[in-house]
Structures are given as C-alpha cells and as structure tokens.
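Let the sequences and hints guide you as you build the complete structure.
There are 4 protein chains.
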Amino acid sequence: MIKAGIVGGTGYTGVELLRILAGHPAVRLAAITSRGEAGTKVADMFPSLRRRVALDFVAPENAALEQCDVVFFATPNGIAMQQAAALVAAGVRIIDLAADFRLRDAAEWEKWYGMRHAAPELLAEAVYGLPEVNRAQIRKARVLANPGCYPTAVQLGFLPLLEAGAVAHDSLIADAKSGVSGAGRKAAVASLYAEASDNFKAYGVGGHRHLPEIRQGLSRMTGNEEIGLTFVPHLTPMVRGIHATLYARLKRPMSERDLQELFETRFAGETFVDILPPGSHPETRSVRASNMCRIAVHKPRDGEMIVVLSVIDNLVKGAAGQAVQNMNIMFGEDERLGLDTLPVSP
Amino acid sequence: MIKAGIVGGTGYTGVELLRILAGHPAVRLAAITSRGEAGTKVADMFPSLRRRVALDFVAPENAALEQCDVVFFATPNGIAMQQAAALVAAGVRIIDLAADFRLRDAAEWEKWYGMRHAAPELLAEAVYGLPEVNRAQIRKARVLANPGCYPTAVQLGFLPLLEAGAVAHDSLIADAKSGVSGAGRKAAVASLYAEASDNFKAYGVGGHRHLPEIRQGLSRMTGNEEIGLTFVPHLTPMVRGIHATLYARLKRPMSERDLQELFETRFAGETFVDILPPGSHPETRSVRASNMCRIAVHKPRDGEMIVVLSVIDNLVKGAAGQAVQNMNIMFGEDERLGLDTLPVSP
Amino acid sequence: MIKAGIVGGTGYTGVELLRILAGHPAVRLAAITSRGEAGTKVADMFPSLRRRVALDFVAPENAALEQCDVVFFATPNGIAMQQAAALVAAGVRIIDLAADFRLRDAAEWEKWYGMRHAAPELLAEAVYGLPEVNRAQIRKARVLANPGCYPTAVQLGFLPLLEAGAVAHDSLIADAKSGVSGAGRKAAVASLYAEASDNFKAYGVGGHRHLPEIRQGLSRMTGNEEIGLTFVPHLTPMVRGIHATLYARLKRPMSERDLQELFETRFAGETFVDILPPGSHPETRSVRASNMCRIAVHKPRDGEMIVVLSVIDNLVKGAAGQAVQNMNIMFGEDERLGLDTLPVSP
Amino acid sequence: MIKAGIVGGTGYTGVELLRILAGHPAVRLAAITSRGEAGTKVADMFPSLRRRVALDFVAPENAALEQCDVVFFATPNGIAMQQAAALVAAGVRIIDLAADFRLRDAAEWEKWYGMRHAAPELLAEAVYGLPEVNRAQIRKARVLANPGCYPTAVQLGFLPLLEAGAVAHDSLIADAKSGVSGAGRKAAVASLYAEASDNFKAYGVGGHRHLPEIRQGLSRMTGNEEIGLTFVPHLTPMVRGIHATLYARLKRPMSERDLQELFETRFAGETFVDILPPGSHPETRSVRASNMCRIAVHKPRDGEMIVVLSVIDNLVKGAAGQAVQNMNIMFGEDERLGLDTLPVSP
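Chains as they are written, first to last, in my numbering: chain Z, 1 to 346; chain G, 1001 to 1346; chain D, 2001 to 2346; chain F, 3001 to 3346.
For the record, the hints were derived by calculation from the structure and aren't laboratory data.
Just to be clear, a hint being listed does not mean it is correct.
Below 20 Å or equal to it, Euclidean Cα-Cα: the simulated SDA-like pairs (lysine to any residue) are [what the hints assert, rightly or not]:
no., chain 1, residue 1, chain 2, residue 2
1, F, Lys3041, G, Ala1190
2, Z, Lys41, D, Ala2190
3, Z, Lys41, G, Gly1279
Selected chain G positions facing chain F (in silico; Cβ < 8 Å) [what the hints assert, rightly or not]:
no., residue
4, Gly1011
5, Tyr1012
6, Val1058
7, Val1180
8, Ser1181
9, Arg1185
10, Ala1187
11, Tyr1193
12, Ala1194
13, Ala1196
14, Ser1197
No experiment lies behind these values; they were computed from the predicted model shown.
Using N, Cα and C, we set each Cβ at its ideal position, and we do this for glycine too.
Next up, the structure:
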C-alpha cells in the first residue's frame, strides 16, 4: 500500500483527491492537514465523504508527513515550494497540484506569480506531470508538478499537430471555457451563484498565469521553438468541465482524414485520451467526474484553419485525477488504478 | 457472473444502469434492446460510455433475453407487464424499473395508469423492492418492482416514525422536489433548458401517480392502516436529486433526542441510509451519483410537528442503483457490489 | 418629482432598487451612499446600469440625505434603526428594506436579531408595508418597514383563508423555496456557484428570522389569534424567485370553487396579485423581474388539506419592487408607476 | 399608433416580441397568428403575459394582416417568403425575424437552407436590418431582414476594424457562445435541461447557417472583399445571451489606445452599442433582457492579434428587440421607443 498524505484538503481539488483516493485499492490515506480546520472531521466539512473517509484534519506539525510515501499539495500557490525540500530529504515524493514547480524558469515564475521562489534548486529536477508527453521522467520524479487545468486540455489538443510540425506555431489560438469550480472554494463575490449563473464572460484576456505554462509545454513539442499563442479563458455557468477550442493554421496540405489519423496514432496507447470520430463535438459532461480527455479534430470547409475541440473535467484530468495518474506511474502501479469509474452523465 | 439484459436502454434510467453495471465486478452485460436504435452502438448515443460499453442496441427479438439470469426493464410503463410472464417461465428474474408491478391492487393500478394490466397474476407475487423494508422477500423474488424515485425518498423518511406509531398517519405531508432528469429523456417542451432553468414550480398537486404507491408503502408500515397523505411534487432546476421535506404530527411526547435515536436504531445496519447528526440539513449533492439516502430529523421549536429531510439521487437510489442493490440481494451478492463509488461533489 | 436617496446600494436589493428607480418617471435619484465604495461610479460596479445611472457612491456624511423626500435603506439589519430618527426629524420619510422595523415587539426583535434595538420608539409608529393588507396606514407612514421576501409570499397566500376564518390557524405549514440571490451579494462559501448549483437543501429548520415576522402578520389576519406555523425555507438553484407551498386544514366544508372565489374576491382590486385559474401551478419565471405575485389554490383529492402555491420575485415584490410600490402609495402616486415592465420569460 | 401583426408567436422570439410590444407606447397589437393554437389565449400559453396581453391566437386566414401597418414574422425559415409578396402588395411592411431575406444571393440561400426560395424578386429589395450599418436603407424598407443572433454580435464586433481596414480579412475567427434559448421552443432531446445543463459543447463546426450571413455582412464592410472566416458556435448552459470572442490580426501598427478610439468613434452616436473601457470583459448578464450590445477591444500582450469581446441578449438585440428597433426606424419613431427598460441583473 502507498501511504499518502494530503496538505491542504479543504478546497475542491482536495475533496476531489479524497474522493478518488478513498476508492483507490493501493492507497492508504495517512493524514490530511489543515491549520484552520485542525480537529474537524473531514466528513463534517464534506458530507459526501461520510462513511468513507474517517480522517480528521490535523495541524501540519502533527501530521508526520515525512513518514508518507507520497504527499500531495492541494494548497494555494507558494506553499509546496516551502515544504518540499525537507520532505524530499526525508525520502517522500511530492506531487504539487498548485503551480510552484510548473515553470522551469524561476524568473518567469516570479514574474507571473508575484513572489520569490523558495526552492529554485528543486525547479531544475521537478518533472512536469503530463503523462502523455512525459511518462518516462514521471516514473522517477521526486518532485512532480501536476499541470494546470487549462494547460492540460490545451496541450493535449495541440500535441499531435505540433509534434508533427503540421501547423504554424507562431499564431496559435486557444479559446478556453471553464466551469466555476476552477475558481476554487474561496468566498469571492465573482464566484457567487447569483453572479456566475446564467452568465458568460471572458477574463484575463490581458494575461493569465496558465499562458506561460502552456507556452512552455507547446514549445517542448516543437523542439523548443518560440510559441505565438493567444489564450482567452472564459467562465461558463457549470460546476465542472473545461472545453478548449483550438485554432491553428496548416503549414502543408493535410486532409481531414490525415488529421484524424495523426491524432489517433499519437494517442493510440493512451487510456485517458479518447479521439472521437470525424465530425464529432465532445461535450464536457461526457467526461464529468472521470479522468478522460476527449478530443475531436476538424478542418472546417476544407480550409487551412484547423479546429481542435478538447474537453476534460477540470477537477479530475485537470487536477486530482491526473495527480493520481501520476502517482500510479511514480509507484509502478497500473495507470488506471482508482481512476476507472465511469463519467457521470447526465 | 450474473448474465444481465436490459430492455429499453435509451433513457436516463437506462444509461445510468449501464454506467453502474459496466463497473459491476459480478455482472456480464449480455444484451440491451431498443427497437428504434437497433444497430446503433450504445456508446454512440451515450459518449460517456465510450471505451467501457462495447454493446450495440439490438431488436428485442434478437436479444436472447431468455438466456439471461436477470432482465432489467428500463422502459415506459406498460411494457414489462407484457413480457414478464414469458421470461419468468424461462427462468429469468425480472427487475422492472417502471411502475407495472408496484401496486398490489390491479384496479387501482389501472385507474392511475390508464391502461389495462396485462399480467395481474404476476402482481400477486411481485415483490416491492425497497430493501430497507423488504429484504427477505427480495431474496426470492422472481418479479421485482423497483420503487419510484419519490416513493423511495418519502418512504425511507417516514419509515421509523410510522413503524413506531409515533405520528398521526392521517395527516402526513410530503413536499418533494425533484431534478429535471426525473422527467426522462423525452423531447418535451416543459423539460427544455429554457423552460426549466432558473424556474421553480409545483406540478400534479391534484394527483400524481406516485401517491398511491407511497400510500401503499406507508400503510404497510402501520399494519395496513389507511394513510392520509398530501403529496406535492415540485420541479427544481437541477439534473439529479430528490429532496423530500416531510411533515408529521407526534401522537405522544418524544424529544428530539428520542427521535434521533429512533432513526439511528432503525437504520443501524443499512449501508445505503445515513442518518445525519441532529440539526443537519442534507444536500442533494451529498448523494449525487451514489446510492445513498441521507436523512435528518427535526423537531422545530420543540413543537408537535416533526420535519424529516430525506435526499437521494433520483437516478441511483431512486432508480438504477436501487435496482442493482435489489439484484445483488436476489443473487446473494454483497449488497454494495458495483455501488461503492463515492458521491460526486461538487 | 420625488427626491430619493438610497443608503447602502451595493447589494442585490440596492441594484434592483436602482434598476427600478432609474426607470421611474416621478423619481429623481439624489444620492446613493456606500462608505466602502465612496467615489466609485455606480455603473462601474454594476455594468448593467451603464448609460442609465450616472451617480457615484458617496460617503454617508456627504449625501445630504436630510434634503431627500424619501430615503431607502438597502442595508444590513441594524443600520436603519440608527439613522431613522434624525431623518424623520428632518421631515424625510424612511423605507427600510431590512428588518429593523418589521416586528412590533422590541424584545422579540432583539431575541431574533441578536442586538439591542436602537429606536424602539419608532417601532411603535412604523408601518408594515404589505399594501394588500395595510394600504391606508402606508399612505401616512413616516417609517415604513418593507416586508421580507418569504413573509410576502407566505402572507399573501394565507391571507384570504385566515381573514375568512376558513382554516385552522394552529397547524399551518409553509414550505418555501428561494433563489440564491436571497442570500445577498456577500462573499460566502455556501453561496458559491459550485456549492449552490445542481443542489437543493433546506436550512434554518430550527428557526429562521422570518418566522416571527410571518406569525405576526398572520396573527393580525385572524384578529390577533396565536398562530401555529411550521416554516421550512429551502435554497434552490436559481437566481431569482420564491415559491411558497402552503398547507392549511379546512375548519368547515368548502368546495374548490368556493376557495377559488374567496381568493379572487379578496384580491379583486389588486394590481400586483394575480389569482390563477383552478388547477394551475404558478412558475417563478412567470413573475421574474416583475412586482407580481401569482397564486393558485388547490384542494387535492377533495380532502380537508388546502394547498396554496404562491410565487414572487424575491428581489422585486419581495424587496425593491414592493418598496417602490409603498413609496408610490406614500406619495400619492399611481401604485404601478415604475413597476409596469413585464416579467422576463424565458 | 402603429398597427402591428405577428405571424407565429408561439416561440421564444414571438413571446419576446409580445413582451416588448405590449410595453411599446406607439404600437397597437392587432393580431397574432398560430394555426396550431388558434383560439388559445396568448396568456394561457405564456403566463408571464397575463393581465398585459389580452389577445387570442387566431388562424392566419382570420387575422386580417393586410390591414396592419407592419407584420412581424416570428416563424421558422421558409414561411415569410411565401406570404410577403401579398402583404407588400397590400401596403404592409414586413419584418422577418427568420432567415428568408438575409442573403442577397438566392442560390447561396438555397444551398444553406435546403429549399427553393419562393420570392427571389423580394430578395433584391430586402434590406438587412443592422441599424448601425444600414440605417438609411432601413427607413424606406418594405421588406426587412432582421439579422440572426450570432451575426449581430459578430458583425458589430468586427465592424470598426474592417471598415478601417485595420485587420487582415482573410483569417478572421469568431468563437461564439450562445444560451440555449437560441435553439428555440422546440421539443428536442438536445435542448432538454438534463442534456444542456452543466454541459458545454461546440456544434456545427463544419458549417453553420449563420456563416454565409456573417461573411456577407463583413464583406460589405470591406468594400466587398472576400472574407476568410472560421466560425465556431458553442452551446453554453444559460437561457439568454451570446458572447462572441473575435480574433483578427492587425495589418498595420495600432496601439490599444488607437483601437479603443476607433471603436468609440465608430459607435459614438449609437444608443444600443456600448464600448467598455480598456481592459474590460463584458458579461452577458449586463445586457440581459435589453437591446444593448456591449463591446470591449483588447490587444493581448501588445501583439498583433486583436481580441474583441461582444455580448448581446440573443432574444433582444439578437432578435425581437432589434426587430422593434428596425420598426421604430421604419416608422420614423425614436429608435429607443419600447426598448428603454434596463437590463435585469442579477
């Protein structure tokens, strides 16, 4: 059994991690920390976990995290980087669901996240946890940077096109739409039901923190070319789900059939990427509460502009599910373990 | 392995049954029928099942249902009663998720459902599948009538009070609220998003088909007394979930603590009924996509009127999940098999 | 022109008041105060008001409210009672949309609201602003207590029955459902989209502040009898709307037709109460963004239990609209002025 | 008073037209036709109109439409083109809210709409009713083609850029999101609450009927250049609202400030187009139930790619409201008449 600890489990990512790990046959949940909620039963805060999760939140200093095999950080940005070094030194492997280890360039990270990086030396060894790209390195990772939700949907959608050099990488567009759970379980007026319901809006058009993460990932796919990407995130009135609509211009003639084959071949062995038949439009609910990413590729009216549609559940493949997928890889388990529940639809 | 067939799997009850059975370790899905969709891949109609359900819909005559161990009817009312006798004769056990076998009185059934009952002789032996009341009979059932969604939430909420003779049974009130999936996957203007969203309404105040079913069930709990029940169903803008708010007047003094004990004791051994601590308000999302019923009992301002709050997922404990729970009992399996996934929240 | 001021316009009640008053032909908006937002353009906080409301928020001390004809308090409980006396002394008429002047009994008020009442002497003269009950007194009011949202829907629904002595007043039940805007524009986890969406729950079953207000109102209708009322509020996933489902037991035989006539006669002259035909189920969206209350009365299965369905928009007839209706009455204007826009549906 | 008739008022466009016209001070509603609902009170079908619209639906042959000043067609595509000629001959002016007269090229129309055009001669004189482009011709129009919802949001957003020749017109992208009311009040499984709620998807990526309409409009703005446009519509779980996210590449250097000025200057005199301050993100709810279009223009990270955000209410500025705005222009009334109610938010 893998002995797992969770730091900061009071947000949506944390409760989703609990939901998945509570049903994982090879994991024993050892501790979950929360300074503010120490002593509270987890199931009192999240009644959906009653009868299934018996843990109390404990203060970090009482959690004995250094005795875990793996510790998940489901914390705000800036926490994992302060605690990772000591845990790694104690032989614990780290999976950070926040952004602390996602960018390789510490200066870039500091610009976007507005704080000093506390562990730049770990950035060098941290592995970016997108299994479909990086599986070999993930196996050996001591510090794993779990990708952001938008970056997961966008990178998987562009991946075959960029690896194949099929499209111009200087003028990519990612028009992405997210459910409101992406804003987290924080009391904020903009996330109130009465604000977010029956409403649609863009945000962060001037610059969103996921932009450098996506650009870095796409750049690797092209052999480190510089990426020109316009990224516009939107808030849509649903709880879970991301839908990325991606636009790229073909550099050389390819038929819709060629494109379909390119995608199917690239993801042939992947359990959690499903390429839909030509002409399909994936729906976010078809992946709700599951770790699946579904993708369709279109060549509208046989023009040069390719449209890729990519959907995930932001809390699963976009966060907690991918973290568990990474843990499975790191510990040599079957990648699907604990992640085989079917999507919930309707 | 239990060899299972499904008749009529194109509605929400059907797809939910598929979701549960596809993950059930002791079931092999043998066939799913649909006259209208024969030849269509199930996963083409329900993309959430891609990679997990490989079946095609088949025409009923080609389904070899008589070779199944169990056949689920996820059909409109009036279908199962026509096909049950032949299947039972072939040794197949029947679980009807529609209403054909729910009322013991054929005349009453015909009044409410507006058609002639095709198998009144099977009504006599049919077992009403509320495991918390009827487990022993369910074990041996050849024809099992799976309860309606409202009746499940309402009966479980009133059960301890009526069995104990604690409340007046001539003036019960059940004010129930259902998500829109309860109306089924039928093209109907009233169920359109633009009609049902951001809207709340009662319906069927004059009389709803679940009323006689609930009355019959409550009557059994009292030793066949006549039940006075006002039942008002409402439509609330959510996909899944039923919330029943139940009102009953105490016949003799009981403290809130007595009531709490009464409920906890009655459901002590039940896997799928969870009595919340005093003062709680169960939320429908705390049972979403799970077979759990959560209940809280209140005695507001220490008066005579008791308020019970009871929530289920209408598609799971109110339909497909309870059907699988019944199947597990009928075939001697652990009651939880295939039903152990945690609720999805948020 | 009526010169109007608003104290505390940053909540949903405030912006709704602005929406209505900006279109009111006999009102000039003189000032709107907010200590926290002083200097901010109202339309920067509420873009829906761009081009229609040119005011800035001002600090209370700079608002010259004593020069207004009427001042609306769209503030939290406990503010209006501190400022009312000075304004009344200056000849300003007060309309409080919060609860400060709703209960006649200061001790009762202090028990429910947990603070000392700052102006008990004004409680004596304050007029409860339910026009369908109290129109004559409203005309002369200097301090008007605008009713709560639940109390409006519940009182209008019970009104004909209680005035006529038709039902037992010792065992009334009000099962009420509210949209989430009723919780106000406050950053609170429980009101987040990801918490309140696709979810239904009761709250405050043990006791809600609107209970004494409703009981007081119902008692007046019976000639000050003591009222036995069980009141259970629920939160339903929609922005606007209240649906009250009311249960009362007939004291003497009345047919459904008698009941229909009773309701139609009682509200015959009322612009903002609409009695639906027998057998109807009013929908909240049929009153969305309007000051209308729609009511249907049922006698299910010809029994003794009467069911009344009553719907309003909680922000209009349940708050800002009723406040403007009261203002119209107080200043001798046509009651409909500024309130004649049609409901928005779908 | 303008005597107005409506053909086909049982859909969302029809009821919205009724809502607006019932409050229009210069219009008398003479007749509303529906073959299927002849004899039904309009307010029985749409209870939100009770007490405000006294009309019954009448069969077309009994409607005396030829005595109206103006007839609105709120019908499916293919109806107006059959009846327009006779009405025009009788001196009636036609406003078609469907697509019959939107494309100037009959062959193109027949290709996209899959039927023979019944009145190609009227296509020649039909005026495309986008007032911000076409006001002078609208004044004299006998047959007015009211624009589609997507085309309104997209054309207004691109208008200043294309008229000024500021962007490349061969690689425009319009990523548009619509509320579900855009699908109409038709019983269809895909529009059910349980299908469309908590879900997001693209549709019609291969080709949508609004594409040729948008291309035609954009082409006029460039002096009839050919337009390269990728148009991807999406369905988002809300009732009303369209959000268009538009991407265009600058042909020559322009600062964000230049762009802001370009937009503000172009729409300076327009009542129903509101250019937001730099850095803004318009929300669909800020225009809900109003005829306003709000637009923001961005130049992300000072690159070449311009992003325009444009929001309307699809049923108002995208349908019935714009139709009334056109009627006001055609009959020499103030353009705002009947359209001055404020947006409803929250």
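Evaluated hints:
no.	hint	verdict
1	Lys3041(F) - Ala1190(G)	18 Å, holds
2	Lys41(Z) - Ala2190(D)	18 Å, holds
3	Lys41(Z) - Gly1279(G)	17 Å, holds
4	Gly1011	10 Å, violated
5	Tyr1012	7 Å, holds
6	Val1058	21 Å, violated
7	Val1180	4 Å, holds
8	Ser1181	4 Å, holds
9	Arg1185	6 Å, holds
10	Ala1187	4 Å, holds
11	Tyr1193	4 Å, holds
12	Ala1194	4 Å, holds
13	Ala1196	4 Å, holds
14	Ser1197	6 Å, holds
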